[in-house]
Structures are given as C-alpha cells and as structure tokens.
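Residue numbers (the working numbering), protein chains in the order written: chain A, 2 to 440; chain B, 2 to 440.
One or more of the hints may lead you astray.
Because identical chains share one entry, a pair is satisfied inside a single copy or across any pair of copies.
[What the hints assert, rightly or not] Below, computed lysine to aspartate or glutamate pairings styled on EDC-like, alpha-carbon distance capped at 16 Å:
| no. | residue 1 | residue 2 |
| --- | --- | --- |
| 1 | K300 | D128 |
| 2 | K261 | D167 |
| 3 | K249 | D206 |
| 4 | K49 | E69 |
| 5 | K373 | D237 |
| 6 | K192 | D227 |
If you are wondering where the hints come from, they were derived from the structure by calculation, not from laboratory data.
Protein chains: 2
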Amino acid sequence: MRLSRYFLPILKENPKEAEIVSHRLMLRAGMIRQQSAGIYSWLPLGLKVLSKIGNIVREEQNRAGALELLMPTIQSADLWRESGRYDDYGKEMLRIEDRHEREMLYGPTNEEMVTEIFRSYVRSYRDLPLNLYHIQWKFRDEVRPRFGVMRGREFLMKDAYSFDVDQEAARAAYNRMFVAYLRTYARMGLKAIPMKADSGPIGGDMSHEFIILASTGESQVFCHRDLLEMPIPPEDTDFQSDLSGTVKAWTSFYAATEEKHDEAAFAAIPEDKRVAARGIEVGHIFYFGTKYSEPMGAKVAGPDGVEKPVHMGSYGVGVSRLVAGIIEASHDEAGIVWPDQVAPFNVGIINMKVGDAAVDGACNELYQRLTKSGLDVLLDDVDGRAGGKFATMDLIGLPWQIIVGPKGLAEGKVEVKRRATGERELMTPDAAVAKLIGA
Amino acid sequence: MRLSRYFLPILKENPKEAEIVSHRLMLRAGMIRQQSAGIYSWLPLGLKVLSKIGNIVREEQNRAGALELLMPTIQSADLWRESGRYDDYGKEMLRIEDRHEREMLYGPTNEEMVTEIFRSYVRSYRDLPLNLYHIQWKFRDEVRPRFGVMRGREFLMKDAYSFDVDQEAARAAYNRMFVAYLRTYARMGLKAIPMKADSGPIGGDMSHEFIILASTGESQVFCHRDLLEMPIPPEDTDFQSDLSGTVKAWTSFYAATEEKHDEAAFAAIPEDKRVAARGIEVGHIFYFGTKYSEPMGAKVAGPDGVEKPVHMGSYGVGVSRLVAGIIEASHDEAGIVWPDQVAPFNVGIINMKVGDAAVDGACNELYQRLTKSGLDVLLDDVDGRAGGKFATMDLIGLPWQIIVGPKGLAEGKVEVKRRATGERELMTPDAAVAKLIGA
Chain A
2 MRLSRYFLPI
12 LKENPKEAEI
22 VSHRLMLRAG
32 MIRQQSAGIY
42 SWLPLGLKVL
52 SKIGNIVREE
62 QNRAGALELL
72 MPTIQSADLW
82 RESGRYDDYG
92 KEMLRIEDRH
102 EREMLYGPTN
112 EEMVTEIFRS
122 YVRSYRDLPL
132 NLYHIQWKFR
142 DEVRPRFGVM
152 RGREFLMKDA
162 YSFDVDQEAA
172 RAAYNRMFVA
182 YLRTYARMGL
192 KAIPMKADSG
202 PIGGDMSHEF
212 IILASTGESQ
222 VFCHRDLLEM
232 PIPPEDTDFQ
242 SDLSGTVKAW
252 TSFYAATEEK
262 HDEAAFAAIP
272 EDKRVAARGI
282 EVGHIFYFGT
292 KYSEPMGAKV
302 AGPDGVEKPV
312 HMGSYGVGVS
322 RLVAGIIEAS
332 HDEAGIVWPD
342 QVAPFNVGII
352 NMKVGDAAVD
362 GACNELYQRL
372 TKSGLDVLLD
382 DVDGRAGGKF
392 ATMDLIGLPW
402 QIIVGPKGLA
412 EGKVEVKRRA
422 TGERELMTPD
432 AAVAKLIGA
Chain B
2 MRLSRYFLPI
12 LKENPKEAEI
22 VSHRLMLRAG
32 MIRQQSAGIY
42 SWLPLGLKVL
52 SKIGNIVREE
62 QNRAGALELL
72 MPTIQSADLW
82 RESGRYDDYG
92 KEMLRIEDRH
102 EREMLYGPTN
112 EEMVTEIFRS
122 YVRSYRDLPL
132 NLYHIQWKFR
142 DEVRPRFGVM
152 RGREFLMKDA
162 YSFDVDQEAA
172 RAAYNRMFVA
182 YLRTYARMGL
192 KAIPMKADSG
202 PIGGDMSHEF
212 IILASTGESQ
222 VFCHRDLLEM
232 PIPPEDTDFQ
242 SDLSGTVKAW
252 TSFYAATEEK
262 HDEAAFAAIP
272 EDKRVAARGI
282 EVGHIFYFGT
292 KYSEPMGAKV
302 AGPDGVEKPV
312 HMGSYGVGVS
322 RLVAGIIEAS
332 HDEAGIVWPD
342 QVAPFNVGII
352 NMKVGDAAVD
362 GACNELYQRL
372 TKSGLDVLLD
382 DVDGRAGGKF
392 ATMDLIGLPW
402 QIIVGPKGLA
412 EGKVEVKRRA
422 TGERELMTPD
432 AAVAKLIGA
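Next comes chain A alone, as it looks inside the complex (with noise of 0.2 Å):
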C-alpha cells in the first residue's frame, strides 16, 4: 500500500479522552474513531490487525475440530426467557422493540440461541462431541463504557460452544480449547497465562481465564514464573487425542487472579518463583454442564436409548479487546510495537526525498520485490519532514523499517530498522529484501 493512497488519519496530539495507552495510541495511529460513546469505527490500519488476531483465533479454533457458523446479533426475548436470563440479564442488554412491537435484542453473548440450533438438529450421541463457535459483533450496554475497545458497548468476540454426552467428554472438549487458548496467544507474540476463575454454582476446575501480563493491565494477578517459560503445545498437536497431560502440566502450577487468590498458597512457592503482576483478561473457557440444555431441552439419546441434556461449556476470545491488550503488553515511548504475526504491515519503507528519482526509483524497487514476495508493505511516498516520518511509522509500529534517502542510495545502500529493539543496519537494497523476506 503506498500511503498517498491510504487513509491513515494520524493524530499530531493526544486525545484527552484517553486514559490508558492502547486508547491513547490507537487514537493516535489513526486506528480507531469512536462514533458514540463505547461505539467505534475501525479505521483501514486497525481492521488489518483486527483482521489478522481473528484469523489467528479461526485458524486455531478449526485446528481443534471447533466449527464455524455466524449467529445474527438481533436475537429474540423469548428465546432468553426459556433460559430465564432475559429478566436476570439487567441493563447491560441491549433491549429493542421492533415494528410489529416484539421484545428483541442484541445478543451480548450467544448460549440460548446455539443451544437452539443444536436442539433443532442434533438427537444423538453418535452426533458428538461437537463444538460450534462464531465471530460476530456483540453489545454490553456498560453504564461507563471506558479505555476505548478495552471495554467498549459493541465488540468483536469469538465465542465457542462444546456439546458432550457427559462430563467426561465435557472435559475433553475443555481441554482441546484449553490447548487451542495456549496456542492462539503464542501465535499473537503474547504470553497468556491461563487462571483458576470462578466456575459458579457449578464449581469444579474446569474455568480458566487467560491473562497477558502487562505493566497497565487491569486487574492484579498472581502466579509461579515457571509458568511464563512453558513450552506451548506445537502446530501439529493431536487434537483427536488425550491432551489432559498438557493441562495437567499448565494447571499444576500456582495462578490466580485477585479474586481467586489464596494468598497462602502463593506465599508457599519459593520468593524467586513469585509474580505478582498487571494482567489483562483476554479469553475465558467455562464449563457449564446442563445449565442451558436442562430448561431449553437440548437432549441426546445415549448408546442406551435414553435421552439426557447435553453437557456444555463455552470458550470466548475478546477479539477485538486484543487488539488493544497486544498494545498494553508491546509498546514504548514512540508508540506501538506490534508482534510480527499481528502487524497491520510487515515493513515500512520510508521516502526520504520524494521526487528524487534514484531514491523514488529505489523505493518502487523495493515495495515490488517484498510485496510479491508475499509480505505486506507500507511504503511512505508522501512529501514531508523526516522528523514527521519517522515519528509516524514508529508510531504505527510495523516491525521492520527501510528508509531510503539520496545520500545512502550513492553508497548503495538503505538502511533497515527493527522497530521492536531501535537497532539500524545499513545494506544494499539487495541484502535488505533478502534479509525481511527470511525474517
């Protein structure tokens, strides 16, 4: 993409709505526009990274045999009353009426309607396990929506429903998402440590929630540090196999969120092993058993004939609350730092003097052979001070710089940044594409 073609509205100040740094720099790079309050537009630049996290989060839930459908965001009363939540919810629902005066909704999260589908289709246990999962659009109507898409009113949310016949294979299927979490943050360049959270009336082990660790993050968290230095399960994982191994392995050591925290089991575990941290909650896997398919009916009949309600639990992943919780945990002075896998574009390359033929030609050169090389590109051909320049694609944080200007280009050379450690290398042209297409 060159810029002069680009719609990369970049902010000069910082907006004084926001409070944390994600809200700050998201404004600022021209990523986000809130159009009401908790209400945002995604702006070209944020929706590529948008883009990229949810494909990462698919491409890891299809991994673990989850499958994709697309509930609608209008959802009905009545079907939240079969569940009696459409009175418990509160105002965080957003209500409607439509024309002909029906009691609607906009789904904040989406149990009774997936347990619908299954109901409608599914009789049997041959037809298990089975786990069904959307991305879509939901509504919380926060009485104060703040920190920008952190916790925003609409937000994208990948949300995943398991059905089993039993508690049993209830717990394979915790496990299957259990690893598929762990590897979907790995892939986002975050370390997302995985919680005892609150299980309900239902107790038992199986709740969890991720957390990245982050000097701004949200809540306090607590947990051993060997936990940061685990090996995270590789892409070629069984998923059709036993996986309580793994979870065992991740669950044996000490890791809590300030809620769940026991402060006497913290205190056990060796001073130097200790973290005491922010963190920032990004997913939260849950089972549920039948608290949904027991009042709407979702039933299968057993090896036995006999019919019994399926056992649930669900896993969501705060799409579009990542976007902003990567930014928390990889930031600095300049702006954002994105992880390579998240990046809006691979490489930046930056005009030094626009209309100098070599240093034009230089740059065209440049954005061709990388681009078809299959990386995504930026590259600044917009006339303008350097300062301005660098500050901006700092700012916007794509992970590689090349910055092409007529002085280096007489010696035959570009100069290449890493935008994560600042560190500069001047090279031919040749060498720079060499060395980001193996990067």
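Since the structure of chain A is provided, determine the placement of chain B on it from the hints.
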C-alpha cells in the same frame, strides 16, 4: 473436512415456509437456520459460501483502490438528524434506546457515518480521491420479511463511498466501481448486467443496478442480447487509467429494469437481440453529489484554497443476498449447482462402503492428496445408504464428486462426476487427483 466431524443438518422434507427455490435449498442443505422473522444463523456450509463471496468482493474493491474499514452496526440518531434522514426513514429503521435513554439505531446504511469520518480528518483536495468501504451487517425492519436471505432483516452488505473534489472526478470514481462490479460478479460465475436505475432528485446517468438473470427472479428486466456476451475487464486492468471507454461500451446497449423500461427504445432493437427476462438485483452504484456533504459540512479546500462540499457516490453489493441469488441462477431438480469460485467445498468424496479397508484407505488417500494441493474437500465417511449419500452430495452442489466403491476399486477405478453436467467418468485415483488439481 470429514462429514463425520462436520455439522451439516440436511432436511429431507421441503420446508413449507420457503416460497422460492433458493430459500428451500438453503434450508434443506443445512446452510441457514431462521432465528426470527428475516433473521438467520449461517450454519457452517452457508458461512463458507458467504465468506467466499465476501472475499471476492473485497479483493475486487481493493484492486479498484477502495480502502476497507469497518463501521459499527449501532449508530447515534443525532448523526442521522444532521442529514435529515432520521425522521424521513420510517419504520424500516430499527430504532433503539440505550440505558441512558440516548436514541440509537441499527444502521440500515452508512452515508451519514462515513461522511462524519471523512469530515473529521480530510481537509484538502490533495487527499482525494478517496473511496472507503466496509462489509458489515445491516438491519432493515421489513414489514414482511420473506424469501429467506433474499429479503432478510439482518443482512450483510458491502457498501463503498467515494469522495471527490468535483463531478468529473466523481465520474472517474464511479467508473472504477462500475468496472470493479463487472469483475466481481463474473468471478462468482455470474452474468450481471448493469441497468439504468433511478437516480433520484439529482438526475444524470450515474446510477446503475447490477442484475443477474434467473427465471425465478423478482422483477422483469429488458436488455440487448449482446450484453450477455460482453467481455469482462481483465485482472490487470489499470484502475488509475481512464475507464470511460469500458463503461461506455457497456452502457451503449439497451438495458433497463421495469421501472426505467422504455418500450419504444426496446422495440427499436432487432427482434432477435431483444431479451426480456426475470432478474435479481445484486448491486447498485449511485452518484449523489453533495446530498450529504452539504448538510453535514464535509468540505475540502481546492487548489485555490476555497472550501467546497465533496462529491460523493455509494456502491452497494448485497453479500448475503448473493448467496441466494447465485442459487436462483444455478440449480436443478436435485439441488444447488455451485459455480466453482464460490462453492463451499471444491470436491466431495463419497465413501460407498464405510468400514471396508480398501475403500476407506482409497478415500483417505484421495482426501489427503487433494487437501494438500489446496483444494477444499468434503469426505462423506458416514455409514449410510448409497441413495441418501448421492442425494445429499447433489443437494449441496459441490462442483466435483468422487465416488469410491469396492467394485470400482477392485478394478483400480473411482468415478468422477461433474455436478453441473452430470457427466461421469471412471478413472484411476491418480488420474482423478490430476484432473481435479488441474480443473
């Protein structure tokens, strides 16, 4: 994908509520499920088609220089008051009150919001031309939603908005979308004819509906037969160049919907060149000048420093409607006949004797080899009657079928069937793989 692990709830009976063939086939093939009047879940098979169509639209918008962003579904009523449309829109607009009693609405379209984004950031003619689009769910509270996703209430639309300094530049923007639309529909295996459409109070010639011909179409249309054979602009079309020649070639032939039909002009066409047919609208492009920029104050300074309202156009593609439209245009007695480019899977393999080691082995090997070569393959590995298996595979309309049974295999052969023609051919598994990879 193995059918044993997929969610494909086929209906054996024709659903009574479905009045048109696409609605009937989408329900029967397990592509959609109605959740409320005019509101559908997209089940896995349906979502795959929806995504493929969306991606073709996206690629062609990007090729034409339009930039993707994503505006939210929920908008503020105040924004619509600025253009005067809040009161005008009537009951098709789903009006919502949030917990703070602010008036909101579920966007039926986005002229106001995109104009607000534009005016917030763009000040100079130097930042033009600009074309911003998104692919987002819309809601129109139809009084009597019907025909499945053809006329749903919650529907997926691509809407693009162009911003230009004057009418001449706006015409160039219009022409780029005109050409992009020709390519978009052709890539889906459709013949879509641009037809003169109502241009509203502005008048002029810059308003076209894109209509696909289908005997079950919703409206009567008329055109010159030569339009059916017009060449489609190639992939390497230079969208920076003057495209008026292409647009002129397409618009020089008679083509009109019933509303704009001119009996005398139609009669002047040689009789064998007259086409009177049924059609389905799948897109609309439209220049509306300063209709929104004027009241909303979206202005740019020209080279002379004088500020003027920008000239705008809008360009819609009914993405979810297209899924039904393609089925209306391409089906037979046995079910859907997907064009290759939008088929949910490229190939279906039918295992005729599940549990037979040779047949299972041959199916698995075909599945692996075709999948590795990049094809999307559905393997029917479920034990069942031959008749039911054939019927399901024909119903869901995958372009190619490979039928693997013990008799054929004993002679080293499988059967390859082309869904569209019914043509069948016996060949070795190697030959089948070669044929489908090359197809």
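Identical-chain pair category, K49 with E69, by Cα at 16 Å = Classified as between; 9 Å across copies, 21 Å inside a copy.
request  = Using 16 Å as the alpha carbon limit, work out where K373 and D237 are close: within a copy, between copies, both or neither.
outcome  = between (29 Å within a copy, 15 Å between copies)
key: Within, between, both or neither: K261, D167 at alpha-carbon 16 Å   = Intra 27 Å, inter 62 Å, cutoff 16 Å: neither.
task = Please work out whether the CA atoms of K249 and D206 approach to 16 Å or closer within one copy, between two copies, in both situations, or in neither?
result = within (11 Å within a copy, 68 Å between copies)
task = Classify it for me, K192 with D227: is the Cα-Cα distance of at most 16 Å met within a copy, between copies, both or neither?
result = within (12 Å within a copy, 61 Å between copies)
ask   = Within a copy, between copies, both or neither: where do K300 and D128 come within 16 Å Cα-Cα?
value = Within one copy only: 12 Å inside a chain, 59 Å across chains, cut-off 16 Å.
Hint compliance for this structure: hint 2 is the single one not met.
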